[in-house]
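Starting from the given sequences, assemble the full structure and let the hints guide the process.
Same order as they appear, the protein sequences are chains P and B. All letters in the first sequence, in the order written, are residues 243 to 655 by the numbering used here. All letters in the second sequence, in the order written, are residues 243 to 655 by the numbering used here.
Hints are computed from structural coordinates only; laboratory data are not their basis. Heads up, a few of these hints could be off.
The list makes no distinction among identical chains, and a pair is therefore deemed to hold if it is satisfied within one copy or across any two copies.
Once the Cα atoms are required to be at most 20 Å apart in a straight line, the calculated EDC-like pairs of lysine to aspartate or glutamate come out as [unchecked claim]: (1) Lys464 to Glu568; (2) Lys483 to Asp394; (3) Lys426 to Asp334; (4) Lys464 to Asp394; (5) Lys333 to Glu423; (6) Lys426 to Asp249; (7) Lys483 to Asp461; (8) Lys426 to Glu606; (9) Lys496 to Glu395; (10) Lys496 to Glu531; (11) Lys496 to Glu512; (12) Lys554 to Asp370.
Number of protein chains: 2
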Amino acid sequence: MYRLLSDIRVVEGASFIAAPYCTLLLSQLGADVIRFDAIGGGPDYRRWPLGPGGDSFYWEGLNKGKKSVALNLAMPEGRELAIAIVTAEGKDGGIFVTNYPETGFLSHDSLCSVRPDLVTARILGHADGASAVDYTVNCAVGIPYMTGPEGDEHVPINHVLPAWDLLAGSTAAVSVLAAIEYRKCTGLGQHIRIPLSDVAAATLGTLGQIAEVAISGADRPKFGNSLYGAFGRDFGCADGKRVMIVALTSKQWKALIAALDLETPIRALEAELGISLESDEGARFLHRERIDAIVEQAVARYTLAALSQRFKSSGVCFGVYRTVQEALTDDPSFVESNPIFANVEHPSGCRYPTPGFPASFSSEARRNPYPAPALGQDTEEVLTTLLRVPSAALASLHDQGVIRLPDRLLSPS
Amino acid sequence: MYRLLSDIRVVEGASFIAAPYCTLLLSQLGADVIRFDAIGGGPDYRRWPLGPGGDSFYWEGLNKGKKSVALNLAMPEGRELAIAIVTAEGKDGGIFVTNYPETGFLSHDSLCSVRPDLVTARILGHADGASAVDYTVNCAVGIPYMTGPEGDEHVPINHVLPAWDLLAGSTAAVSVLAAIEYRKCTGLGQHIRIPLSDVAAATLGTLGQIAEVAISGADRPKFGNSLYGAFGRDFGCADGKRVMIVALTSKQWKALIAALDLETPIRALEAELGISLESDEGARFLHRERIDAIVEQAVARYTLAALSQRFKSSGVCFGVYRTVQEALTDDPSFVESNPIFANVEHPSGCRYPTPGFPASFSSEARRNPYPAPALGQDTEEVLTTLLRVPSAALASLHDQGVIRLPDRLLSPS
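Following this line, the structure appears as C-alpha cells:
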C-alpha cells in the first residue's frame, strides 16, 4: 500500500479477475476504490478457493483495501445510485472500471450524459462483445497445443494461471492512468475497451510468435519443459528434488559449465559439432538432447542442498520446483519474511499472509495491506459522504430494499 | 499507437521481456522511448524466434516504435553517454526502465547525483538481487505441479507463456505512471524495484491461493484441463475438433444446458445428488465427473460448426482449441481483420501482422504500429538533439569506437 495516487477515486462495477485486478493495483498505489455489488454479492462472490466457513479467498484477495457498496441493482432506484456513484463530482473522480455489458444502464454513453469527462475502462471477452473468459481465450491462441510433453501434439494442456485476465487487468490499469493524464491536458473523457482476446493476440505478436508462424507457415510444436531457443529444462537431483536451470546469456552458460565442472565434455561436444555453445544460444537449443544428457548426469550427482550451494556461488540461474506449501514452509523469503506480505484478518475470520503491491518505491514507506471489506460495509459511508444522501433517506432506501444496512442504523435515534 | 502520453520521454537500458515490455506499453500510448544497447546488440538481440535471415522476431516485437541508440558500454565514454541520455533534462524526461545490476554505473543513486528527480524502474529476479527468470520463478511458486493431467502429481509442467515477465512489465508500467504523477505533485524521484519473484508471490496471494494453502495446510493438486471450482473443461466434437466450455455463472450454466438439450439428465442428476447445479458453482466442480460424462456425450454428437452455431445462439461461453496457424487461417477476427494489427515491414526485411496496443480509446484515433528500429539507427539523432553533441564530436566518437555511425555520415562534407 503506497500513497502515490491518493487523489484518485475509482469506481468498480465488476466481477471475476481482470477488472477487479485493475482497480486492486490502483488501490495498492493509493487510489480510493469503491466497488459496488448486488446485495448478496456478484457472480464472483463465492468463487473458489473457499475458506472453512464458505467465504471466498479469491474475492478477499482481489478486493482487499476497497470500499464495498451493496445495492439492489434489479430496482431502478439501485441503478440510479450506482450511476450517481460512478458519475459523482470531483476532478479526480469520474473513473469507472467495469465488465458490465456495453449497452444497458452502465453504458459509457448514458453515463457520459451525466458526467461528460468520464473515463470508463471496460473489460470484454471479444472486441465484438461476445462472451469469453481466460480459459476460452487461451485455447484459441494456441498455447495449450504448445504446452506439455513433446510428441503429444493433439493433447491440449490448459494453463492454471489466469494470465490473460491478469494481463488484461494490468493493461487496463496502465490505460486508465494514461487516460487520466490525457484528461488533465484536454478535459476529455474516454471509453477504453480492453478485450481479453485482443490482449492475448497482441501479446503473442509482441513475443514474435505471430511473425514466426506467419513467415514460416509452421506452428511451434511442444518442447516439453525445454525453454525455446536457448538452454533451459528441469533436471532431477540425487534426492529426487527437481530444478529448472536456464542459460539464456553467455554469462549464465559459463556459470553453469563451471558450477558442474563440465568444461571437458562440453568442449568435446563443441568440437564434435563444430559449434560454440557459449556464443550461440540457438545451438544450445538445437543440440539440447546432447547437452541435456550431460547436465542430467551431473545434476543427478548432487542433492538439492549441495547443488544449490554450487549454483549460488557460481551465479547459475536456477529455480527449485516446489508446491505452494513447500514454498511457504521451506523458504522464508517467499512469504514469511517477505516485506510485501503481512498477516491480515479478513471478513472470512481467517488471518493469513496477504500481499501488498509487489514493487517497492524508495520515496514512500510501504504500508501494510488492508483486509477485504465485508460485502456492503461502506454503503452508508459512501452514500452519505459521496452522494450526500440524508440519513432519513438512507432509512427509506433500506425499507424499500434498495440498500441493506445493519439494523441498528435504522432504529429511531 | 495512441498519443495519450506524448509528453513523456522514457529511456530503456534493458533486455529480454519484462523491462522492454514495460516501455513498449508506454510507447504504444505515445511516450517517446529511447532504448540503448551495446554496439552489436544486447543479450536478447538474437533471441528466438528468428526470421529467415537470422533476425529476432522477438526483439522486433518487443522494441517496435522505440528509438535505438547503440553505444560501446565497455568504454567509459560510452557509459557517460548512456548516463547523459538517462538523466537528460526536460520535465517529462528522467524516466529510466532497466534490468541492469543495481550497483554499478547505472545505479539509481549515482544517476540521482546527476538528476535528483529521476524515476528508475528496475526489474530484478529476486528482491535480494539474485538472478531469476520467468521459468525459474514459475517453478518456485508451485504452478508446474498444478498443471497437466490429474494424477501426475510429481511431473511438473512448465508454462510456455512467460506470464511473470509480462506481468512484471505491466506492473512496472503502472508503477512508472504512478511515480510520474507523484513527482508532479512532490518533485520527488523514485527508485522502483520490481522483483519477478515478488510479482509471482503477490499474484498467487491475490488469487487466494496462498490463503488456501496457509489455512487448509494442503496443496491444490492437478485437475487436468478442468477449471477449478466451477464447470469448465475441454470436450471433443464429432469431427475431432476440441472446445473449451466454461460455466462460471448461473447464466452461463443455463445457456449450456439449453444449447445441448440437457435439461432432463441434469435434472435427474440434481435430484439424485440433492443439489442445485445452477445456483451452486462449487457443486459443478465437485460432481464434475458425472457432469462431464453427460456433456461429453452431447458435444460428441455435433461437428464444431454445428456446435458453434448452437452455442453462439444460446450465449454459451466457449472457445475452440487451435494452433496459431489455424487461428491465423480460419478466423479473420484474430489478426487479419483485427484493427489492432497492421502489416508492417521490419528491419528483418519481413512484413508481418504487427499488433498495436490491445485496448482502444474513444477520444483518440488508433494509429498503425511502427516497425522496430534497426539497431542503433537513432544514435545520431538522439546524440545531436537530446544531448546536443556537435557534429564534429560525433565523428570523433565514431572514430574512437564509442558509437558506430553509417560511414556516409562521417565523410567530410
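Hint check results:
In this assembly of identical chains, Lys464 and Glu568 lie within 20 Å of each other by CA distance solely across copies; the values are 16 Å between and 28 Å within a copy. Proximity of Lys483 to Asp394 under the C-alpha cut-off of 20 Å is restricted to the inter-copy arrangement: shortest distance 15 Å between copies versus 25 Å within a copy. Taking the shortest Cα distances, Lys426 and Asp334 sit within 20 Å of each other both inside one copy (9 Å) and across copies (15 Å). In this assembly of identical chains, Lys464 and Asp394 lie within 20 Å of each other by CA distance both inside one copy and across copies; the values are 8 Å within and 18 Å between.
In the homo-oligomer, the alpha carbons of Lys333 and Glu423 lie at most 20 Å apart both inside one protomer (12 Å) and across protomers (15 Å), since each shortest distance falls under that limit. When the C-alpha separation of Lys426 and Asp249 is checked against a cutoff of 20 Å, the pair qualifies both within a copy, at 13 Å, and between copies, at 12 Å. In this assembly of identical chains, Lys483 and Asp461 lie within 20 Å of each other by CA distance solely across copies; the values are 17 Å between and 33 Å within a copy. For a Cα distance limit of 20 Å, the shortest separation of Lys426 from Glu606 across copies, 15 Å, qualifies, whereas the shortest one inside one copy, 24 Å, does not.
With identical chains, the CA atoms of Lys496 and Glu395 are never at most 20 Å apart, being 34 Å at best within one copy and 33 Å at best between copies. Proximity of Lys496 and Glu531 under a CA criterion of 20 Å is satisfied intra-copy only: 19 Å inside one chain copy versus 50 Å between copies. Taking the shortest Cα distances, Lys496 and Glu512 sit within 20 Å of each other inside one copy (14 Å), while across copies they are farther apart (61 Å). Taking the closest pair of Cα atoms, Lys554 and Asp370 come within 20 Å of each other only across two copies (13 Å); inside a single copy the shortest separation is 50 Å, beyond that limit.
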